[in-house]
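All residue numbers for the sequence shown refer to our numbering, where the first residue is 235 and numbers rise by one.
Calculated from the structure, these hints are not laboratory results. The C-beta atom is built at its ideal place from N, Cα and C for all residues, glycine as well. Don't take each hint at face value.
[As the list claims (entries may be wrong)] Label-pair restraints from in silico Cβ distances:
id, residue 1, residue 2, range
1, 295, 326, 40 to 48 Å
2, 254, 399, 15 to 23 Å
3, 303, 396, 17 to 25 Å
4, 323, 356, 25 to 33 Å
5, 365, 296, 25 to 33 Å
6, 241, 294, 23 to 31 Å
7, 310, 368, 37 to 45 Å
8, 360, 411, 18 to 26 Å
9, 355, 330, 38 to 46 Å
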Amino acid sequence: MPVATARNTFLQRLIGAVSLDAAIYEEVEADRGATGQALAVVVLSSLAGGIGARGIGDVTPASVAFVSVVSLLSWAAWALLTFQIGGRLMPEPQTRVDVGELLRTTGFAAAPGLVRVFGILPYVTIPAIAVAAVWTIAAMVVAVRQALDYTSTSRAIAVCVIGWSLAVVFSIALGLLFGPTVS
235 MPVATARNTF LQRLIGAVSL DAAIYEEVEA DRGATGQALA VVVLSSLAGG IGARGIGDVT
295 PASVAFVSVV SLLSWAAWAL LTFQIGGRLM PEPQTRVDVG ELLRTTGFAA APGLVRVFGI
355 LPYVTIPAIA VAAVWTIAAM VVAVRQALDY TSTSRAIAVC VIGWSLAVVF SIALGLLFGP
415 TVS
């Protein structure tokens with residue numbers, strides 16, 4: 235008879251994700267029903283980035299929306315790059331690539347980005363963005379290590395840093411091409 239295991243709530247998963255708890259990443263990797271939750275984390279994190287960008291100065295609602303959309307697209311680019319780099323260019327012998335598993339874990343790895351909302355406070359914008367970036371990279375390393383079944387954390391770090399660097403270039407290009415003008 236199969237043993238039923240209790241699943242964590244969405245809030246418990248969020249807390250586990252920001253705590254860099256590998257067991258939570260394993261849980262969402264295996265739970266096909268967590269795909270919607272992972273998408274919600276990415277959307278909320280992207281919105282937090284847009285709202286937090288208001289702390290930069292005289293930011294319009296249109297530029298908040300733009301930052302939110304670029305944040306969402308940047309996560310998607312990073313996830314795609316992680317899939318390609320980690321699963322195809324730098325796999326370990328036991329690496330098995332499953333798009334759904336990778337999207338769920340990397341979706342929850344976006345949870346530290348929620349702190350960007352505090353960027354709306356005076357003098358907190360840049361620190362909030364910087365803390366969120368470093369924390370999200372750390373979460374992504376845990377997510378990638380679990381999703382790609384890596385035994386080497388250094389390989390997961392390499393995959394995440396390369397993917398993040400390319401995603402940042404993508405974000406900058408979007409900003410330069412389509413972003414609001416700064417006077």
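Each hint tested on the structure:
{"no.": "1", "hint": "295 to 326: 40 to 48 Å", "verdict": "holds (46 Å)"}
{"no.": "2", "hint": "254 to 399: 15 to 23 Å", "verdict": "holds (21 Å)"}
{"no.": "3", "hint": "303 to 396: 17 to 25 Å", "verdict": "holds (24 Å)"}
{"no.": "4", "hint": "323 to 356: 25 to 33 Å", "verdict": "violated (43 Å)"}
{"no.": "5", "hint": "365 to 296: 25 to 33 Å", "verdict": "holds (26 Å)"}
{"no.": "6", "hint": "241 to 294: 23 to 31 Å", "verdict": "violated (41 Å)"}
{"no.": "7", "hint": "310 to 368: 37 to 45 Å", "verdict": "violated (21 Å)"}
{"no.": "8", "hint": "360 to 411: 18 to 26 Å", "verdict": "holds (24 Å)"}
{"no.": "9", "hint": "355 to 330: 38 to 46 Å", "verdict": "holds (43 Å)"}
Hint compliance for this structure: hints 4, 6 and 7 are not met, and every other hint is.
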